[in-house]
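Can you build the whole structure from these sequences, using the hints too?
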Amino acid sequence: MDFLNALILLLNYIFVPALAYGSQLAIGAIFVTLIYGILRFANFATGDMMSFGTMIAIFFTWYFKSIGLSLGFLPTALLAIPFAILFMGLYMLIIDKFVFKYYRLNKSPPVQLAMVSIGVMFVTQAVVRIIIGPSDRRFFDGEKFLIRASEFKDMTGLNEGLAIKSTQVITIVVTIILVSILFWFLNKTKTGKSMRAYSDNEDLALLSGIDPKKIVMITWMIAAILATIGGVLYGLDKSFKPFTYFNNMLPIFAAAIVGGIGNPFGAFLGGYVIAFSEILLTYAYKKFFMYMLPESMEPDGLIQLLSTDYKFAVSFSILVIVLLYRPSGIFKGKIL
Amino acid sequence: MRKNLNVIAAYSIMMGLIILVGIFQSWNIALSIFNLCLISAVMTMGANIQWGYAGLINFGIMGFTALGGLAAVLISVNPVQEAWSAGGTNILLSLFLIIGIVLAVRFVLKRYQKSKIRNYVIAAIIISGIIIIRLVSEPGIEAIEEVNPARTGFLGGLGLPIIFSWIVGAFFAGGLAFVIGKVALGLRADYLAIATLLISEIVIAIIKHEDWLTRGVKNVIGLKRPAPYEVNLQQTDWFINLVEKFNSGKLALISDIIERQAALNQFVIEGSSIFVKLCYSGLFLVVVIILLILTQKALYSPWGRMMRAIRDNEEAANAMGKNVVKQHLLIFVLGSAIVGIAGAMLVTQDGLFTPGSYRPLRYTFLIWVMVIVGGSGNNFGAILGGFVVWFLWIEAAPIGLYLVNLTTAGLEDTHFLKVHLIESVPYFRFLMMGIGLLLIMRYRPKGILPEKIEIK
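First to last, the protein sequences are chains G and B.
Start counting the first sequence at 1; every next residue gets the next number (the numbering used here).
Start counting the second sequence at 1; every next residue gets the next number (the numbering used here).
Source of the hints: derived by calculation from the structure; they are not laboratory data.
Treat each hint with caution, since some may be false.
Unchecked claim - Cβ-to-Cβ under 7 Å is the rule here; a few derived chain B residues that face chain G:
#, residue
1, D190
2, A195
3, A205
4, M441
By construction, the Cβ of each residue, glycine as well, lies at the ideal position given by its N, Cα and C atoms.
Here's what the structure looks like:
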């Protein structure tokens, strides 16, 4: 029984939250990696693009709520996502046309493109803050919990409860669907294959008749989908605040590099690596050991490897270690 | 003279703008803008040495700034005796342990060949070392943080004049840069950018949460000053006489003695804060000028030529027998040390250390905007960038407000759009920075004052 309790404890406080958080990071990391692989620059506007997409989704959510449309126990925001993606795609194309295209055609070095993306970051951040404001917003509605801790206790008779928030389940399910479609698209369709070819060797791809304009446009479209969905999922699970989204860029970058930048599958796994290591290293294991060890050996301290203040620092340290020993990431990068 | 006409013109326009602020807003605001412009100029010079001379991207400016600030606290605050006796030995012991670990790792790295076993041994040394350090330091940290937590709760500093911290800050930042450089300089340009950005976040996380060091997010306030205090000035005779002399024309107009005394008091209060700001301006100006002379000399020296050669073609420079790795490390350390000076200057001017205020947008990306806008590779350009961008950053809100009022003049004051726009005026500065950066990158990629290389 104690063993089961300990297991549920870990599930409740480590496994489920890490899986949800990891999924959110994974989507962002794939976004970073796609831009890096095909458009060849580190996009410092990642976090703010995600917050822009989320902002549009929030507006649609409010609109749907005002006309009485809802999905029942699911959050209305899910219904808003497709519309938000359309607007987000438009925004991405406008940015590309007025900003990035010039540097791409001039074959500017990646560093210059990264600098330009900082300009885009400033502008997007300003637009989001001017339109919706910098404050914290929750736009979740519908059923909050799939399983409540008390219900679970009653059901199983264990001491430890397992609470599963519906947003966590939605996050994980949506991520799995989205990522499977994306990998199917990249590996099986002709367009996806030509994207990979373009990423692998631009000149050869051009020689074999691949249209770079089309590739770039599709990349921005996929980026719009990923940015919006990733942003909305994070906002549903936690809350929407432009500043947090900007900061999320850092673990997302860490995930993309740990997985091998340019490699979508690596980025996907990198998200989970970062999320799990953050939560595993900062969790206080006292209760776990109380269940697992006999009473006489009960621990005094919290048995916490690092204080929760260092949550971000953990993922960044992992990144530094990975960069030192395998600069191309855990899975070799630069093969889309 | 003619060659430098654009430099002189650009600087005169900039000074003219600041003087206009002085006339139309107030001299206090103008001087505080000017002081922060000078600090920004020091930061941009640091970043410019790395980016403009050597082509290294350092997105960790925030971390080095914070280390400079840390130095200001550790140098100037008086030591807390109780805390030292409570947990000082534990902390010192941990410090020695850290040095021991580093030496042990170095020894293993030097002595044994690259192998899996060596990696495991290093990992084992580091992990066991961290556990021992935690065991040793934990009781010390707890004891220190319990000493009068509302006011101290930290070890304090050395109690020296705060000016020394400008040099110590440079050493702190340079030391960190040395470690980062050893680790990360081999990376490709954009990887280096991301790695330094994340490392600077780690630095901030440590400063924020190690309360025994600098009180963490509880902030350290009331640091010593290199300049006199306003309150003391207001009671000094020579200062009051000075103010009286300056304003004698205005005072002579007032006939009533009591009113005249009141007016004089007002002038003295205003004058004291301006005087203090002027003291800071003088100090900062000295630093900027010294750095400018040094960096200009370096730029036109054989060393500067070598750096440009390395920047423009690493392989060729390497083939000519220049040690690229060593020079990159050197310039990374130098540039970061200059940023460290700026960090210490900033804390000196504010008189307080608030780790929570270090954010990448303000301390990393904004500085980069300054470098790019001003002109990378040109020291005058970098300084000008610091001035222009900081000026706009501060004055963006009034300008934004003016524009909002202009465009919504037809609407009523209670119209929701107008109210909303006026509320979001502070964020126009981001918009201005972004658009400015994009325009400069597009139409004047070398900055306002581009790099100009003359053979002397």
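Against the structure, the hints come out as follows:
Restraint check, B/D190 versus chain G: the minimum CB separation of about 4 Å is within 7 Å; hint holds. For the restraint placing B/A195 at the interface with chain G, the shortest Cβ-Cβ distance is roughly 6 Å, inside the 7 Å limit, so the hint holds. Taking 7 Å as the C-beta cut-off, the interface hint given for B/A205 holds, the closest approach to chain G being about 4 Å. About 5 Å separates the beta-carbon of B/M441 from the nearest beta-carbon of chain G, less than 7 Å, and the hint is met.
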